[in-house]
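J.: What follows is the residue order along each chain.
2 protein chains.
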Amino acid sequence: MANEKIPYKIYLDENELPKQWYNVRADMKNKPAPLLNPGTLEPMTFDELRPVFCDDLVAQELDDTTPYFDIPQEIQEFYKMYRPSPLVRAYCLEKALDTPAKIYYKFEGNNTSGSHKLNSAIAQAYYAKKQGLKGVTTETGAGQWGTALSMACSYFGLDCKVYMVKVSYEQKPFRREVMRTYGASVTPSPSETTQVGRKILAEHPGTTGSLGCAISEAVEAATTQEGYRYVLGSVLSQVLLHQSVIGLETKAALDKYGIKPDMIIGCAGGGSNLGGLIAPFAGQMLRGEADYRIIAVEPASCPSLTRGRFAYDFCDTGMVCPLAKMYTLGSGFIPSPNHAGGLRYHGMSSVVSQLYHDKYIEAVSVEQTAVFDAATKFARVEGILPAPESSHAIKVAMDEALKCRETGEEKTIVFGLTGTGYFDMVAYEKYNDGVMSDYIPTDEDLAAGFAGLPKVDK
Amino acid sequence: MANEKIPYKIYLDENELPKQWYNVRADMKNKPAPLLNPGTLEPMTFDELRPVFCDDLVAQELDDTTPYFDIPQEIQEFYKMYRPSPLVRAYCLEKALDTPAKIYYKFEGNNTSGSHKLNSAIAQAYYAKKQGLKGVTTETGAGQWGTALSMACSYFGLDCKVYMVKVSYEQKPFRREVMRTYGASVTPSPSETTQVGRKILAEHPGTTGSLGCAISEAVEAATTQEGYRYVLGSVLSQVLLHQSVIGLETKAALDKYGIKPDMIIGCAGGGSNLGGLIAPFAGQMLRGEADYRIIAVEPASCPSLTRGRFAYDFCDTGMVCPLAKMYTLGSGFIPSPNHAGGLRYHGMSSVVSQLYHDKYIEAVSVEQTAVFDAATKFARVEGILPAPESSHAIKVAMDEALKCRETGEEKTIVFGLTGTGYFDMVAYEKYNDGVMSDYIPTDEDLAAGFAGLPKVDK
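Those protein sequence lines, which keep their order, are chains C and A.
According to our numbering, the residues represented by the first sequence are -19 to 438, in order.
According to our numbering, the residues represented by the second sequence are -19 to 438, in order.
For reference, chain C alone in the conformation it holds in the complex:
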């Protein structure tokens, strides 16, 4: 099919959908460092993780040698309701940029969660159901992950308790209502319902919450109630495993038309989208079968890869979670309040961190006004109103396409469009009104975050 005209949107047929997830760790010579018990500083064992996570998910988390995991039939069926996601040829964007580059984007926003988060939510809900649990707990910031998990739990008839960062709960009521529509209970965090929440409220009475704090509450709620486990939407290796469906579909669609990308670009917050998108391509690189430029794009206001330390750190503010080795700004780091989009996690997936450390991945940071410039331009020519997170990748894809205009190179650029911005109109309003500002943390800001890193000699 190599010479066929490439359609605007490449949809795989149902029988071409991935039947297995790909575990990139299996092909990594330098494995991601193990999660550590914060008390003993020894690697977390299956039995230590079981009270927090579902058994099957713990097994996936700890397995860095099995390259493929079968996608259970029930999950494959659910995937068919909103997958395959289209791989879109951005003909209109190419024309608008007057570039010889060929631009493709994998669009994960065509589902009610509005993002790729559903790919892992349904997997985690499935394993919770399989284990006979009553329900799961989680945290959510702006609400994409919480929405995805609510949808997944509703499908399997599981209870879903979401701790939502208080400022989002109050200022973004619409996602909260989407979650409630799917039957989830949504609690503003910090709350009086947990010990850690009460402690944080006592120490910081006026706090509007943070993701790290909501994680602590959700973990406590899961481990202190019979029949519950905690689930997480990013960072963990199990999440990247499930999200590999993005990359596998992307690669299958490219292969179907004989397209070889020169570069693959994704936004990076905790790493779930980027890690999933690049998995099969990074696998080829790790096996010495192909070479690509892989570019992680992060906000200048939360620059864990470009300015963070590669060190063991807490995953949450309450320090109840295991330690993970990752590029981090310190678990106390909170982006400036003028930061509008997501991608505000202080750390980065261990898998992505290790690949970056080993130079399989490049990273760049971009400022948010430039990101919204790119988002608006993209929306006007490609139709889709992108999420602020996704727009980080758009910005760099456009930059690379413009470089091709200068050099005349016909490079093939693939980027991940993780979702839609329909629930981010407050940020767009700021941009439209010309009152959006940028923020780059000073070295002093970062030093304060690094000061909170635990002392781990590994």
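Do not take every clue at face value.
[What the hints assert, rightly or not] Facing chain C, a subset of chain A residues (Cβ under 8 Å, in silico):
1. LYS60
2. MET61
3. THR92
4. PHE136
5. VAL158
6. ARG160
7. THR203
8. GLU206
9. GLY207
10. TYR208
11. HIS337
12. TYR340
13. ALA359
[Unchecked claim] Subject to a maximum C-alpha distance of 25 Å in a straight line, what follows is the list of computed PhoX-like cross-link-like pairs (lysine-lysine):
14. LYS75/A to LYS60/C
15. LYS(-11)/A to LYS(-11)/C
16. LYS75/A to LYS110/C
[Unchecked claim] What follows is a list of derived Cβ distance ranges for each label pair:
17. ILE(-14)/C to PRO23/A: 45 to 51 Å
18. ARG267/A to LYS240/C: 48 to 54 Å
19. LYS236/A to LYS236/C: 19 to 25 Å
Since the hints were derived computationally from the structure, they do not count as laboratory data.
Just so we're clear, the structure is a prediction, and the values are computed from it rather than from any experiment.
We treat Cβ as the ideally placed atom computed from N, Cα and C, and that holds for glycine.
Dock chain A against chain C, hints included.
T.: Coordinates of chain A only, in the frame set by chain C:
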């Protein structure tokens, strides 16, 4: 392919997309009554309509004999960015309802306008551009049409002036911001920018506006500025012509798998979705080639088909538009404020009205609490959070599927899922909080609306 397993989602290939729109009027023996000049009560001529609408669109409006219109290449290219829309087999809903019925829905929500409105917006913008105009004006209520038109105008580089019903402008700022992101100017209506707006403001100082009033302002703005024309998102025959792409794709997808529907169900406000969805099926019925049940679903709070009069009426409150013969509640009728969704227009497309009058279409009305019950159930099993408008069709499709459970009949039900409810979370919140109420206008309420009907002896 008749015996193949039906996929969850049927996507036509790009080369299977319709290249012509279908004009159902060509096959109607009883043609829809012509638009009348409100002064002379004579049929509006091409020259009388030209100052308001683009020339090509006037030609389409007046043509009730040409069965097919070529879709211009530029529009076909734009359609490829978000079409084909999927025809989805609702396997999960069927299972949840335990019905032998086979349920399909044509999902038009996978684009940033969130609905089918984009199908006609891009056509109208194209013809405006072709005519060398500077821009277009329109009205919008909740904002679906305004968003669609903003996207279309941005694509063709046209100015777009939207008069948005004031209550929506203030209470639904997010759609307003989507329109602004696409470069449209959005004015709350009634406004001081038009004569009719100033008049309405003087007479009703505290008014929060209405669709009919916004139409009057948009028409005045178009006809008093050089290089502008007015465009409308529903009701008109030209709009139904463009929206026939929905039905044509639906029919092609069904035919591809040898599926013959027993009934086709669509929500009906002004008739743009319903008229488009049913066009090729109604055409078969009109030509005596096939028989289907076609069901229009409207809100009990705005029951133009089920309780309206078939009469000439004004299309707008300011009475600046031509008269149309349609099922109507009177141009002064405004649904009760507790009415949450769209579908609040006082009249109904002349094409749909005539087909209903001639018994090709049935109509039912449903109350909004039952509609949100159905919407929530649908969301939880099929994933998609539906627009309140679309949920009217869901409700009746579910009712029909449950009848099949009683009778054991394996009927094939096709319904139109016009869009997503992401910008309707205030209504969902009311429903989730258990404070949503129903409203059925009394005969006295309706009599007041009918009293305003113009006296036309045709």
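J.: Quick check on THR92/A please, does its C-beta sit within 8 Å of some C-beta on chain C?
T.: holds (4 Å)
J.: So, as I understand it, the hint says THR203/A touches chain C; can you test that by seeing if any CB pair is closer than 8 Å?
T.: Hint on THR203/A: violated, closest Cβ of chain C at ~28 Å, above 8 Å.
J.: Please check whether PHE136/A passes as an interface residue: C-beta within 8 Å of a C-beta belonging to chain C.
T.: Violated, about 11 Å.
J.: Could you grab the alpha-carbon distance between LYS(-11)/A and LYS(-11)/C and see if it respects the 25 Å cut-off?
T.: holds (15 Å)
J.: Given LYS60/A was flagged as interface, is its beta-carbon under 8 Å from a beta-carbon of chain C?
T.: Constraint on LYS60/A satisfied, holds at 4 Å.
J.: Once the shortest beta carbon distance from VAL158/A to chain C is found, is it less than 8 Å?
T.: holds (6 Å)
J.: Do LYS236/A and LYS236/C keep their Cβ atoms within the hinted range of 19 to 25 Å?
T.: For LYS236/A and LYS236/C the Cβ distance comes to about 20 Å; the hint holds.
J.: For the hint on ARG160/A, does the least C-beta distance to chain C fall short of 8 Å?
T.: At 5 Å from the nearest chain C Cβ, ARG160/A passes the 8 Å test, so the hint holds.
J.: If you draw a straight line from the CA of LYS75/A to the CA of LYS110/C, is it 25 Å or shorter?
T.: holds (20 Å)
J.: Per the hint of 45 to 51 Å, is the separation of the Cβ atoms of ILE(-14)/C and PRO23/A within bounds?
T.: At roughly 49 Å between Cβ atoms, PRO23/A and ILE(-14)/C fall inside 45 to 51 Å, so the hint holds.
J.: Grab the minimum C-beta distance from TYR208/A to chain C and call the hint holds if it beats 8 Å, violated otherwise.
T.: Nearest chain C Cβ about 21 Å off; hint violated.
J.: For the restraint on GLU206/A, tell me whether the closest CB of chain C is nearer than 8 Å.
T.: violated (25 Å)
Hint check: violations occur at hints 4, 7, 8, 9, 10, 11 and 12; the rest are consistent with the structure.
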